[in-house]
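From first to last, the protein sequence lines stand for chains A and B. Under the working numbering, the first sequence has 188 at position 188, and the numbering climbs by one with no breaks. Heads up, the working numbering is the position in the second sequence plus 1000, with the first residue counted as 1.
Keep in mind that the hints were calculated from the coordinates and are not lab data. Treat the hints with caution; some may be incorrect.
Straight-line Cα separation of at most 30 Å, DSS-like style, residue types lysine-lysine; simulated pairs [claimed, not checked]:
id, chain 1, residue 1, chain 2, residue 2
1, B, K1071, A, K122
2, B, K1063, A, K195
3, B, K1063, A, K96
4, B, K1073, A, K122
5, A, K48, B, K1063
6, A, K65, B, K1071
7, A, K96, B, K1071
As the structure is a computational prediction, the values presented were derived from the model and not from experiment.
Here is how the chains run, residue by residue.
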Amino acid sequence: MYCATFENGIVQSGLLAGLGSLLSASNPHRLPSGVAKEDEHLLVAAAKSGDAAAFEELVERYERKIFRLTMNITRNKEDAEDAMQDAFMKSYSHLKDFDGDSRFYTWLVRIAANEALMRLRKRRPNQFSIDEPIQGEEDLMPVELEDWGPSPEQRFAQTEMREILSGVIDDLEPDYRTVFALRDVEELSTEETAKALGISVPAVKSRLLRARLKLRQKLNRYFRQGETN
Amino acid sequence: MNCDGVIREISDYIDGELVLAVRHELERHLEHCGECQMVIDQTRRTVEIFCGSELVELPADVKSRLHAAVKRKMAEGRQQA
Chain A
1 MYCATFENGI VQSGLLAGLG SLLSASNPHR LPSGVAKEDE HLLVAAAKSG
51 DAAAFEELVE RYERKIFRLT MNITRNKEDA EDAMQDAFMK SYSHLKDFDG
101 DSRFYTWLVR IAANEALMRL RKRRPNQFSI DEPIQGEEDL MPVELEDWGP
151 SPEQRFAQTE MREILSGVID DLEPDYRTVF ALRDVEELST EETAKALGIS
201 VPAVKSRLLR ARLKLRQKLN RYFRQGETN
Chain B
1001 MNCDGVIREI SDYIDGELVL AVRHELERHL EHCGECQMVI DQTRRTVEIF
1051 CGSELVELPA DVKSRLHAAV KRKMAEGRQQ A
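Bound conformation, chain A alone (with noise of 0.2 Å):
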């Protein structure tokens, strides 16, 4: 399940109507960020050459992106800052040595889980391994169970989900949280996600379930039928 079956409906479908009509109104130079993949490899090639305005456009495209995952990775704003600007600064130290095998936005993504977790680690030294194993599977049977109805995060104004999400993130432990950021947040695949870690595909893939699992039974709390909001 990937997030890009979310977007196509959204972003994806604009594609269709060719990339001079995705311009946006208030920056006609500027194409919306997270739009057009197909053209992300002409940027690259164009930074490479030495186009400032080119890499720029890099940095303009991803940065919110990547300040959600080192913000989801780190949960500490200036951390996430941190991470986040030392990933962008990496990545254009290190752009001849891209070698285009992968998405630009793939390997930005992997600099800066990196950048993130090297923080998480520092502020966290002895709370904190992603490749520690998992121990037991007790813990893993949904406790609470409750009809949460049709579209239940559409009982809650933007900023109010915007916040739940934030919380639920928030209580997630380090490891699992950053398995879900990369694997279902910023759309890495198993495989990626577990080179980016440094870990296993079986490790990223029983992290992801229990992130997921943890996730669900947080939300209940909130999406539960009948709870008041």
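Based on these hints, arrange chain B on the given structure of chain A.
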């Protein structure tokens, strides 16, 4: 397959990564287990809600520091070239 088995396979099931035989076994269980159906639906909704959450703009101060740092870095690069 029992409920424990379904829970262990939820991720692969909603990602469409289960091998056919296991998927059929899981779906046979779902035919008579409303609780597992509910867990699967809610887990799928959970992922969709996070996937579909709107990207927020960078705080203005964060954005301006980022762009200033990028410009500095690119200027350094040009001087070294």
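Quick rundown of the hints versus the structure:
With a C-alpha separation of about 28 Å, the suggested pair K1071/B and K122/A falls inside the 30 Å cut-off, and the hint holds. Taking the CA atoms of K1063/B and K195/A, the gap is near 29 Å; set against the 30 Å cutoff, the hint holds. For the proposed pair K1063/B and K96/A, the alpha carbon gap of about 25 Å is at most 30 Å, so the pair holds. The straight-line distance between the Cα atoms of K1073/B and K122/A is roughly 25 Å, inside the 30 Å bound, and the hint therefore holds.
Distance hint between K48/A and K1063/B is fulfilled; the C-alpha atoms sit about 23 Å from each other, no more than 30 Å. A distance of roughly 20 Å separates the Cα atoms of K65/A and K1071/B; the hinted pair therefore holds under the 30 Å criterion. Of the pairs offered as hints, the one joining K96/A and K1071/B holds, with about 18 Å between alpha carbons and a cut-off of 30 Å not exceeded.
Comparing the model with each numbered hint stated earlier shows that all of them hold.
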